[in-house]
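Residue numbers (this note's numbering), protein chains in the order written: chain A, 113 to 239; chain B, 453 to 680.
For the record, the hints were derived by calculation from the structure and aren't laboratory data.
Among the clues, some could well be false.
Said to hold, decoys possible - Using 20 angstroms as the maximum straight-line C-alpha spacing, the simulated SDA-like pairs for lysine to any residue come out as follows: (1) A/K199 to B/D628; (2) A/K199 to B/I676; (3) B/K624 to A/I214; (4) B/K518 to A/L125; (5) A/K233 to B/Q565; (6) B/K540 to A/V160; (7) B/K518 to B/Y506; (8) A/K230 to B/I607; (9) A/K201 to B/S570; (10) B/K621 to A/F226; (11) A/K230 to B/L547; (12) B/K518 to A/I122; (13) B/K518 to B/I567; (14) A/K201 to B/I567; (15) B/K518 to A/L203; (16) B/K518 to B/L471; (17) A/K162 to B/Y506; (18) B/K624 to A/V191; (19) A/K201 to B/Q565; (20) B/K518 to B/G468; (21) B/K624 to A/L232; (22) A/K233 to B/Y541; (23) A/K162 to B/K621; (24) B/K621 to A/L159; (25) B/K540 to A/L159; (26) A/K230 to B/G468; (27) B/K518 to A/A133; (28) B/K621 to B/Q653; (29) B/K518 to A/K230; (30) A/K199 to A/I214; (31) A/K201 to B/D572; (32) B/K518 to A/I137.
What the hints assert, rightly or not - Computed list of chain A residues with no C-beta within reach of chain B, every gap over 12 angstroms: (33) M113; (34) R115; (35) S118; (36) I119; (37) A140; (38) M152; (39) V209; (40) V216.
Please read all numbers here as calculations on a predicted model, not as lab measurements.
C-beta atoms are modelled at their ideal positions from N, C-alpha and C, and glycine is treated no differently.
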Amino acid sequence: MIRMVSIVIIQVLVLYSMYLAGTWIQNALDLMIPGSIIGMVLLFCLLVTKILPLRWIQEGSRFLLTHLTLFFIPVTVGVIEFSHVFKGKGLLLIPAVLVSTILVMLISGILLDFFMSKRLKKGSNET
Amino acid sequence: MKHSLIEIAFLAFTIGLYLLSLQLYRRWRHPFLTPILTAVTVIICFLIIFDFSYETYMTGAVWIDKLLGPAVVALAYPLYIHRGLLMKYTFPLLLSIVTGVCVGMFSGLFFAQMIGTSQDVILSLLPKSVTTPVAMEITRVSGGMPSIVVVFAMIAGIGGVITAPFLFKWFKIKSDMSRGLGLGAASHAIGTSKALEYGSQAVATSSVAMTISALVASIIIPIIASWV
């Protein structure tokens, strides 16, 4: 148990240092991409090139991703300061978000379905 | 001394409530019982009833907020695990995902302009289909309101998961991969957990879709935002 906890803490620190590196790159190059995303790409590259072994970050990543929800509870509570956004016609934003979500799901899903069926046909012609 | 006590109390309160709502969700698995919804509602009610300001709450809760950055970095882990899928179907996956991101962004922009909301609301609306931590990071960069984007992302997540089974049936989206992709692109992490019902292939596609669309969105949205 203590061993597991310390592994998770150390690996979260490794991930935290990647985040800091990402933020540093963002500031140094004056980019508009969030530093955490740069850190993510950085980590992905290090994993693919095998510079960083997966087991160095595996437990820490699993821990952070399992409890992802916890980390944005504090910011979400901040909605009490912005309740005016959803008053009056702002209420219309809710159906707008719903329709937009449905469009994304349909169009991206149908598009991939189309590509995959073409690929399947091609595959069956070849065999 | 009194201050640090309040800090620790709010920190423990948040973590405790989170764990409790997680138990609740694991027992019934209903989309409306998503832990964040339960926990945030209870915390907001508590703050209002006992007349604490958000600022006071944040003095303690800010420590949780600090883990958001490394959590986004950790998204590289599922992407690395499913990299085989991405390598095999690079072109169809990327094209569908990028299209999804654009549809989400421009339809959001269109509706917001139709309704006629203020600029910072529009900026908070753009990344709604992106996984919540990344959506927050994007709004921080582009100048929207991180607290509001969470609400939009939650509506996109829960709404998408509830409508998905009907959409797949009516529009004959049959393959598990396409279903997973739609769920991941439109409803991020909540969608990915729904994809479990369509098999492991759907989960893999969904988590690839979620991660890649987060990446694409964080590059495109700040640019679009500077035009709005």
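Consistency of the hints with the structure:
no.	hint	in the structure
1	A/K199 to B/D628	39 angstroms, violated
2	A/K199 to B/I676	26 angstroms, violated
3	B/K624 to A/I214	14 angstroms, holds
4	B/K518 to A/L125	12 angstroms, holds
5	A/K233 to B/Q565	42 angstroms, violated
6	B/K540 to A/V160	16 angstroms, holds
7	B/K518 to B/Y506	17 angstroms, holds
8	A/K230 to B/I607	34 angstroms, violated
9	A/K201 to B/S570	11 angstroms, holds
10	B/K621 to A/F226	16 angstroms, holds
11	A/K230 to B/L547	15 angstroms, holds
12	B/K518 to A/I122	16 angstroms, holds
13	B/K518 to B/I567	35 angstroms, violated
14	A/K201 to B/I567	7 angstroms, holds
15	B/K518 to A/L203	31 angstroms, violated
16	B/K518 to B/L471	19 angstroms, holds
17	A/K162 to B/Y506	44 angstroms, violated
18	B/K624 to A/V191	38 angstroms, violated
19	A/K201 to B/Q565	12 angstroms, holds
20	B/K518 to B/G468	18 angstroms, holds
21	B/K624 to A/L232	17 angstroms, holds
22	A/K233 to B/Y541	15 angstroms, holds
23	A/K162 to B/K621	42 angstroms, violated
24	B/K621 to A/L159	39 angstroms, violated
25	B/K540 to A/L159	18 angstroms, holds
26	A/K230 to B/G468	50 angstroms, violated
27	B/K518 to A/A133	15 angstroms, holds
28	B/K621 to B/Q653	19 angstroms, holds
29	B/K518 to A/K230	46 angstroms, violated
30	A/K199 to A/I214	24 angstroms, violated
31	A/K201 to B/D572	15 angstroms, holds
32	B/K518 to A/I137	19 angstroms, holds
33	M113	17 angstroms, holds
34	R115	21 angstroms, holds
35	S118	17 angstroms, holds
36	I119	14 angstroms, holds
37	A140	15 angstroms, holds
38	M152	5 angstroms, violated
39	V209	5 angstroms, violated
40	V216	4 angstroms, violated
Violated hints, in rising order: 1, 2, 5, 8, 13, 15, 17, 18, 23, 24, 26, 29, 30, 38, 39, 40; the structure is consistent with all others.
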